[in-house]
Amino acid sequence: MSVIAPKFRLAYFLKSIIDNIFWAIILVTLIGIPAIQIGLFYGDLPVIEGELLTAFLAFTWLFNPAMALPLVKSLIYSDLFRIAAFPGFGFAALIAAGTIFVERKMLAKLQLRVGPFYCGKIEGILQLAGDGLKLISKEIIIPAKADKPIFWAAPVLFVATAAAFVSLIPVAPGGWVVADLDVGLLAVFAVIGFFPIITVLSAWSANSKYPFIGGIRALHQMVSFEIPLILSLLGVVILTGTLNLSEIVESQHNFPWIIFMPIGAIVFFTAMLAELERIPFDLPEAESEIVAGWLTEFSGMMYGLVQLGSYVKLYAFAALFVVIFLGGWTGPVFWPPLDEQIITTGLEISSYTGDPFLTVSTPGLPLFDADPNEWILQKQGELQYTTGQLLISGVVWFVLKTIAVIFFILLPRGVFPRIRIDMLLHIGWYKLIGLSFVNIFIALGLLYSGILGPEGVF
Amino acid sequence: MADVLFLALSVLTIGAAIAALELRSLIYGSIALMGTLGGIAGFFILLDSPFVAMFQIAVYVGSIAVLILFTVMLVKRELIFKKIEDPKRKLAGIGLMLIIMVAVGAIILDSGVKTITTDSAPVDFREIGEDFLTYYWPALIAMALILAGSVIGALVLARREDTVENGQRTD
Numbered sequence: 001m002s003v004i005a006p007k008f009r010l011a012y013f014l015k016s017i018i019d020n021i022f023w024a025i026i027l028v029t030l031i032g033i034p035a036i037q038i039g040l041f042y043g044d045l046p047v048i049e050g051e052l053l054t055a056f057l058a059f060t061w062l063f064n065p066a067m068a069l070p071l072v073k074s075l076i077y078s079d080l081f082r083i084a085a086f087p088g089f090g091f092a093a094l095i096a097a098g099t100i101f102v103e104r105k106m107l108a109k110l111q112l113r114v115g116p117f118y119c120g121k122i123e124g125i126l127q128l129a130g131d132g133l134k135l136i137s138k139e140i141i142i143p144a145k146a147d148k149p150i151f152w153a154a155p156v157l158f159v160a161t162a163a164a165f166v167s168l169i170p171v172a173p174g175g176w177v178v179a180d181l182d183v184g185l186l187a188v189f190a191v192i193g194f195f196p197i198i199t200v201l202s203a204w205s206a207n208s209k210y211p212f213i214g215g216i217r218a219l220h221q222m223v224s225f226e227i228p229l230i231l232s233l234l235g236v237v238i239l240t241g242t243l244n245l246s247e248i249v250e251s252q253h254n255f256p257w258i259i260f261m262p263i264g265a266i267v268f269f270t271a272m273l274a275e276l277e278r279i280p281f282d283l284p285e286a287e288s289e290i291v292a293g294w295l296t297e298f299s300g301m302m303y304g305l306v307q308l309g310s311y312v313k314l315y316a317f318a319a320l321f322v323v324i325f326l327g328g329w330t331g332p333v334f335w336p337p338l339d340e341q342i343i344t345t346g347l348e349i350s351s352y353t354g355d356p357f358l359t360v361s362t363p364g365l366p367l368f369d370a371d372p373n374e375w376i377l378q379k380q381g382e383l384q385y386t387t388g389q390l391l392i393s394g395v396v397w398f399v400l401k402t403i404a405v406i407f408f409i410l411l412p413r414g415v416f417p418r419i420r421i422d423m424l425l426h427i428g429w430y431k432l433i434g435l436s437f438v439n440i441f442i443a444l445g446l447l448y449s450g451i452l453g454p455e456g457v458f
Numbered sequence: 001m002a003d004v005l006f007l008a009l010s011v012l013t014i015g016a017a018i019a020a021l022e023l024r025s026l027i028y029g030s031i032a033l034m035g036t037l038g039g040i041a042g043f044f045i046l047l048d049s050p051f052v053a054m055f056q057i058a059v060y061v062g063s064i065a066v067l068i069l070f071t072v073m074l075v076k077r078e079l080i081f082k083k084i085e086d087p088k089r090k091l092a093g094i095g096l097m098l099i100i101m102v103a104v105g106a107i108i109l110d111s112g113v114k115t116i117t118t119d120s121a122p123v124d125f126r127e128i129g130e131d132f133l134t135y136y137w138p139a140l141i142a143m144a145l146i147l148a149g150s151v152i153g154a155l156v157l158a159r160r161e162d163t164v165e166n167g168q169r170t171d
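Each protein sequence line maps, in turn, to chains C and B.
Quick note on numbering: the first sequence equals residues 1 to 458 in the working numbering.
Quick note on numbering: the second sequence equals residues 1 to 171 in the working numbering.
Please note: incorrect hints may appear among the correct ones.
[Said to hold, decoys possible] Each pair of labels, with its calculated beta carbon distance range:
{"id": "1", "chain 1": "B", "residue 1": "95", "chain 2": "C", "residue 2": "44", "range": "28 to 38 Å"}
{"id": "2", "chain 1": "B", "residue 1": "74", "chain 2": "C", "residue 2": "180", "range": "35 to 45 Å"}
{"id": "3", "chain 1": "C", "residue 1": "56", "chain 2": "B", "residue 2": "108", "range": "48 to 58 Å"}
{"id": "4", "chain 1": "C", "residue 1": "160", "chain 2": "B", "residue 2": "148", "range": "31 to 41 Å"}
{"id": "5", "chain 1": "B", "residue 1": "96", "chain 2": "C", "residue 2": "31", "range": "48 to 58 Å"}
{"id": "6", "chain 1": "B", "residue 1": "90", "chain 2": "C", "residue 2": "209", "range": "30 to 40 Å"}
{"id": "7", "chain 1": "C", "residue 1": "22", "chain 2": "B", "residue 2": "7", "range": "38 to 48 Å"}
{"id": "8", "chain 1": "B", "residue 1": "104", "chain 2": "C", "residue 2": "31", "range": "46 to 56 Å"}
{"id": "9", "chain 1": "C", "residue 1": "160", "chain 2": "B", "residue 2": "74", "range": "20 to 30 Å"}
{"id": "10", "chain 1": "B", "residue 1": "48", "chain 2": "C", "residue 2": "31", "range": "52 to 62 Å"}
{"id": "11", "chain 1": "B", "residue 1": "136", "chain 2": "C", "residue 2": "111", "range": "51 to 61 Å"}
{"id": "12", "chain 1": "C", "residue 1": "28", "chain 2": "B", "residue 2": "98", "range": "48 to 58 Å"}
{"id": "13", "chain 1": "B", "residue 1": "95", "chain 2": "C", "residue 2": "77", "range": "57 to 67 Å"}
{"id": "14", "chain 1": "B", "residue 1": "124", "chain 2": "C", "residue 2": "77", "range": "26 to 36 Å"}
Think of the hints as simulated: they come from the structure by calculation, not from any bench.
All C-beta atoms, glycine included, are put in the ideal place defined by N, C-alpha and C.
Throw the hints in and build the complete structure from the sequences for me.
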């Protein structure tokens, strides 16, 4: 029986722990605390409930759950939270991680296999964590004649570009988007344009023939499918008269655009598959022809970063499809509408004579509302909701639709074979561009006949 | 703030342009060219026209730089470029650059533009669209015809004559 650590001595182990604690204390005292103090000196501190939040007050509040609530609220409404956690990268990475696992299990079920099975007790649920640990602990091998700066930068740039794409996607009503640009859709096109550059540069810098062939194929494919991708969205832009993605979502509160522009949706979906290098358009990573395409020379966490970036990109494209064609967060609000009194004063229980003797207030319920003193009641028809209720309902609808679209992106992988590159370019240049022009003419017809659009019937 | 950004963007743009000219490695040169074009997009953002900036990035960085990169990767540069180190040419180039810079500077100083108004609202792209459809309609028609011609030309070029009935290639 093998032993994990044959030369284990408890004294050495304790010594190493004490060493680590010692260095941690030294580093925190010499670097951490001065850095925090300098930061506090220059940074603006938030004002919460009329009090300036100092570090001392923050620590005091942290130990009292009732007082920690405003702290959590102000954290949720800070920019850092938006960029790192909720509508930004953390949310996307979570969905991306889920996508990887669901893809493996679902493809296995489609092909009558079991898929990941042994990690974790239930259906291999810990497989993803195991894969991540393996990738982090592996050595990063750089090819000897690689162009090192570009080769190191490419995975990081890939993830960064995917994160920039995610930051443009509105997730929930009330401005839950990292960057709410007036020209959001154009910014999406600008960001998409960076993917082929990074791909072909990383492929070139590996200085190996399979990555180079894969990179050139990726360049062909992405650049030529960008044209139908952009053209297929122009119909929606013509009918809504705006490029802001939040306004495009709000224009669909009666019906999603896929009802009137199914051709545009089909073209966009196909071009999206090609941009994402998914089967049947996975020529850049054709594993039976050119090892792993432009990913061949990546190892360890560099490969992990590229995979993370490509799945975050998959989420972002699916979310863009939802935002533009499926109506984003719009959907029936499934939370019961609230009385204004319950939120402002609490639930009052009266005695026989009618005066209230007990008031049940709900401090946790309005956690997501911006300002607890100023309840924002939004009307949806006759009913009133808080922004927190609309937020939760909107996020649930958005995530459900996005997961449905991701499912349809994953599904062809279990069904279709890979197609040849001349067939791919034929599809892109002949059929998709032609169909997207047909879509634009349909949109123009609907606009000029006065049915839809800014001055339309609906 | 705007001045600091302007200076940083100027250093980025001009430095990347010089690097694009001077670097021996063609790949790094085209990356530097992307930096120049991106810096120009930054100037457009600074001038309150994000619409033009996004098109600058999407068209120049996203398409034209990719085209240059693709071309550079497909040529063997030893075959077509010879290294010419001629001090006379270098001096002549620097002199020409100085003359052009003095001329452009004189024009700018003469025009009376001294400062940038930084707190104006961004240019609404709807106004650009309206202007295109009303006052500048001949330019729009000309651009539309050129673009349609180029798309049809690309389709004709992409057409394969040597395919047989069942879609298989003959070669």
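For each hint, the structure was consulted:
1. Checked against the given bound of 28 to 38 Å, the beta carbons of residue 95 of chain B and residue 44 of chain C, roughly 51 Å apart, lie outside it.
2. A beta carbon spacing of about 41 Å between residue 74 of chain B and residue 180 of chain C agrees with the range 35 to 45 Å that was offered as a hint.
3. For the pair residue 56 of chain C and residue 108 of chain B, the supplied restraint of 48 to 58 Å holds, since their beta-carbon distance comes to about 54 Å.
4. At about 37 Å, the beta-carbon gap between residue 160 of chain C and residue 148 of chain B stays in the expected band of 31 to 41 Å.
5. Distance hint for residue 96 of chain B and residue 31 of chain C: a CB-CB separation of about 52 Å, consistent with the stated range 48 to 58 Å.
6. Hint check: residue 90 of chain B to residue 209 of chain C, Cβ distance near 39 Å, so the stated range 30 to 40 Å holds.
7. Under the hint 38 to 48 Å, the C-beta atoms of residue 22 of chain C and residue 7 of chain B, about 46 Å apart, fit the expected range.
8. Between residue 104 of chain B and residue 31 of chain C the C-beta distance comes to about 49 Å, which sits within the given range of 46 to 56 Å.
9. Between residue 160 of chain C and residue 74 of chain B the Cβ separation comes to about 28 Å, which falls inside the hinted range of 20 to 30 Å.
10. Our hint of 52 to 62 Å for residue 48 of chain B and residue 31 of chain C is violated, since their Cβ atoms are close to 41 Å apart.
11. In this structure the hint that residue 136 of chain B and residue 111 of chain C lie 51 to 61 Å apart at CB holds, the actual value being about 58 Å.
12. For residue 28 of chain C and residue 98 of chain B, the Cβ-Cβ distance of about 55 Å falls inside the hinted range of 48 to 58 Å, so the restraint holds.
13. For the pair residue 95 of chain B and residue 77 of chain C, the beta carbons lie near 58 Å from each other, so the given range of 57 to 67 Å is met.
14. Checking the proposed 26 to 36 Å range against residue 124 of chain B and residue 77 of chain C shows it holds: the Cβ atoms sit about 29 Å from each other.
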